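Asker: Below are the chains, spelled out letter by letter.
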Amino acid sequence: MKRLLGTDVATYGPPAFLFVFTVAYLIVAYGYSPASRAFPVIVAWSMIVLVTIDLISRTQTRAGRALTRWLIPTAATTAGHDNPLSRVEIIAVSWVAALVAAMALIGILYAIPLFVFASVRWRGQRSYAASLAIASITTLLVWLLFTRVLRIELYSGLLGSG
Amino acid sequence: MLDVWLGGIQSLLQVRELMFLALGMAIGLMFGAIPGLGGATALALLMPLTYGLEPFTALALSGGVMGAVPMGGSITAILLNTPGTAPNAATCLDGYPLAQQGKAGLAIGAAASANAIGGIIGTLSVLAVLPIAKDLVLLFGPPEFFLLATFGLVTTATASRGKVLRGLISGGLGLMISFIGYNEVMGGERFTFGVDYLWDGVHLVPALIGLFAVAEMINLSVRGGAVSSNAGAVKITSMAGGLLETFKHWPTVLRGSLVGTVVGAIPGVGGVVAAFLSYSMTVQASRNPESFGKGNIQGVIAPEAAINAKDGSALIPTLAFGIPGGAEMAVFLGILVLHGMQPGPMMLSQHQTEIYGLVWALTLSCILASFIGLLFVRPLAMITLVDSKILVPIVLCVAMVGSYAIDTNIENVVLTAAFGILGYLMIRFDYPRLTVVIALVLGATAERSFHQSLMIGDGHYSVFFTRTICQILIACIVAWLTWPLLGGFFRTRKSVVLGREGRR
Amino acid sequence: MGPGERRHHARKNAPTRRDLIAAVGLAAPALLLSRTASAAQEDFPAKDITFIIPYSAGGGFDNYVRAIAPVMEKYLPNKVSIVPTNVASGNGSRGINQLYRAKPDGATIGIFNIPGMFILQQEGGAGYDLAKFTWLGGMGHDNYGIGVAWGSPIKSVADLRTLSQTRPVKFTTTGPEGTAYAATLIGAELLGIKAQLITGYKGSSDYVVGAIRGDGDAVVTTLPILRRMREGQALRILATFESHGSEKDAGDATTLGQPELGQIVLERLIGAPPGVPTRIQAILADALAKTMTDPQVVAWAQTAGVDLKTETADEAARIVRDQAAFFTKWKKVLIAG
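For the protein sequence lines, the chains are A, B and C, in the order given.
In case it helps, numbering that gives the first Met the number 0 puts the first sequence at residues 0 to 161.
In case it helps, numbering that gives the first Met the number 0 puts the second sequence at residues 0 to 503.
In case it helps, numbering that gives the first Met the number 0 puts the third sequence at residues 0 to 336.
Pulled out of the complex, with its shape left as it was, chain A reads as follows:
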């Protein structure tokens, strides 16, 4: 793992990302009228200062270590905490994204049984029967509560509503 100023490059990830985000935010904010942009601009500039301090605090320089002691002494310092996202994590996040995509495309009442079944069967390693049962019960309960009792029309998906 490459090192920069004594720390793994990956450790700078979070504040670096926030820095870029805040700069982009500032650029957009300056496009608005002075009154409109007053508060966003003040906050964004403060953020830039804070995030810079965060970046410095992650270096192993004297300044960095001092900042860590003063401002984030109880932040977890166990090794690996600031590692980049592992494969397991990316998979977990992808499943959530997949659920959302499914709900948006084929609608909620189709996405739920599919998702629950797939999750329980392939990630949970349960039998087909168990997965099917859990998926069915979940869908039934959701359908009963939201469609029958609350009379809310559950989204039918971009592909469903035509």
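Keep in mind that the hints were calculated from the coordinates and are not lab data.
Quick caveat, the model's predicted, so the values are computed rather than measured.
A couple of the hints might just be wrong.
Straight-line alpha carbon distances no greater than 25 angstroms define the calculated DMTMM-like cross-link-like pairs of lysine to aspartate or glutamate that follow [claimed, not checked]:
#1 C:K330 x B:D195
#2 C:K331 x C:E176
#3 C:K78 x A:E88
#4 C:K102 x B:E410
#5 C:K330 x B:E188
#6 C:K201 x C:E176
#7 B:K293 x B:E244
#8 C:K289 x C:E176
#9 C:K73 x B:E410
#10 C:K201 x B:E188
#11 B:K388 x A:E88
#12 C:K102 x B:E143
#13 C:K289 x C:D306
#14 C:K73 x C:D293
#15 C:K102 x C:D128
#16 C:K201 x B:D134
#17 C:K193 x C:E122
#18 C:K328 x C:D104
#19 C:K201 x C:E230
#20 C:K201 x B:E143
#21 C:K46 x A:E152
#22 C:K201 x B:D199
#23 C:K73 x A:E152
#24 A:K1 x B:D429
#25 C:K331 x B:E143
#26 C:K201 x B:D457
#27 C:K46 x C:D104
#28 C:K201 x B:D195
#29 C:K154 x B:E244
#30 C:K102 x C:D42
#31 C:K102 x A:E152
#32 C:K131 x B:E410
#33 C:K102 x C:E72
#34 C:K131 x C:D104
#35 C:K308 x C:E241
#36 C:K330 x C:D104
#37 C:K201 x C:E122
#38 B:K293 x A:E88
#39 C:K154 x B:D457
#40 C:K330 x C:D141
Starting from the known structure of chain A, fit chains B and C onto it as the hints suggest.
Answerer: Relative to chain A, chains B and C alone:
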């Protein structure tokens, strides 16, 4: 005055009213537990049903719902890190870690009792204050709101003990996000990029569901296992433990109830602020603030007391002027109007018995709901033993549908997922979520109130310094900042020294 | 019995077989026709009707719809439910857009805030055209008026004008996309009052309480709210924008010499998507009209202090046209403000 109080209870203690109260309570518990649904949805659902009821019965039903919703929300907040209602997000902070340690029963018990006591204190305050409700509401204008919002932001920023820098960054992020949307004061959209959905800004409840529920589900599926790995502790869950804790920490309960009552009475500020403010203040007052967020029972007691205290006082602006304190109150207003009770300055004098009856209904329902929570503590705690591979997909689906159901916007689901990922990253990289939430809620209010104040004061900043309540608030902010900073200075040195020596 | 049958029957002779066949031949199509005619009438409504409320639950419009929905069900030819559905977002534009794009089969109707929805349309990018909706009728309207805090030194509109010569009069109001904002700007302009609007209050009562509190000098809002606040001695009514004022001691559009003020109103119209067949429109409009005179709704209106002067479908369409013309005329003022 006492006779009106008693008149209210008397009207309530009829079989039919009590039955409807119980019904409302059951519905409130259920709706409170499911994320995205809440008091507002429950009341909206019941509104057409109340059409044929006597006004007082309708009030008993409404009171039943409103009193029980927070308890329902606490249960899912503690067991699954899923805030059933927005204010319960504060309960997640320490409630869920307790569940992870196998102490879900303890947490639920403490929440239930704090709920009940907070509710009672809130009620008594409301009853005492109702006659001067109008004047109270008039005391808080835009300058006061601005300073109050600032106070809220300051308290939570300083509450992230040991991680002040990261707390401030989270807060800044929350503020930046809160500015998204249509600007009510100056007109014009900001940071929406033409997306209609963002016109109203980032919708709060979907964001919270994502930040807490989805984030934790991602965390669970990465970690594996169940919510709690401590099956032994879960199995010996008892009702009494939680109750005892609440009585042991009675200053926390009192503080929470007080904060809830005061904050709840201010329209537009709401339960989230009450809960988080109560939480932050308890952290500040504590002797080991670093233990918060890791399963400190006071971190459950404080917000829970505040949430229920606020329910009563949120009625004050609603009844005095017809200004709903939140979505739930807005729907409740609708029920009132449907039954011929126009909220307004006259309401308090024309419908006194009904109002006092309602307040008692709220309290009774709150106590009953807490009792039920206590009764089911053991089976509920068992949920923490369910394997995450089964729990996660189910909770994810229900959370997403709940998020959608708030206002049938499919974009809510996308927002929830986005905040879920953000929330997970914050857990992962150790940035506190507490400050993000408060900033999200208060950011836009602070800005709007600021600009309004300047318009009221003709552009002079003196408007913030010449009004009594403003002066009190400024004093509070200054006190808050300076006193702990000095104390914290010494404490940080001490804890750093201890930390080096006693590293886990 | 068809007319042919009766003529046969009237004859002294008994009907022959040919007569009978002819009778059946005449009767059958007649029977068939009448069955299809009543079938056509009975096929609407075939499913539950969604009543879109473009605001969140608990607001004024929400109350109105929930009060009439269960009653309106009674006046439909078939037994279906009318389901009030809140579609809140974008200050109402999302709900109206959803209505605009819904299938024109009568299964979706909605309540409109006029001129609120027109102002949104005028701002651009609203996605609908009010002129194209199928109008069913209206639930009455509210006039606007000017109020000041109970203890305010301002006693009349003339006082406001005088004050505005030294400094702009501060009016508390909603955001720029709200109806109160438009009403305040146009009203102030018509009355010759130089106004500064303190905007940004959220919700329908917040800005009124702001005036009571003293954040501003005066407030322009609907008469029901003004009356309620006056009852509680919180506000005094300086003037109403009606052509003939219902408040004594307060000016009206005529005495103030500005009849145009009477056009500043808050209309509650009910409509369906563009292209709904006339037949279905008639059924819905008829049901709505009957609902408005139903004793249950009248009783509710009385207790709620609501003025339920209702409009027919044609009147509704006319109101939309008139309001569009009025607000197009005032577009410059609104945008500048």
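Asker: Hint numbers the structure violates, sorted upward?
Answerer: Violated: hints 3, 8, 9, 12, 18, 25, 29, 32 and 36.
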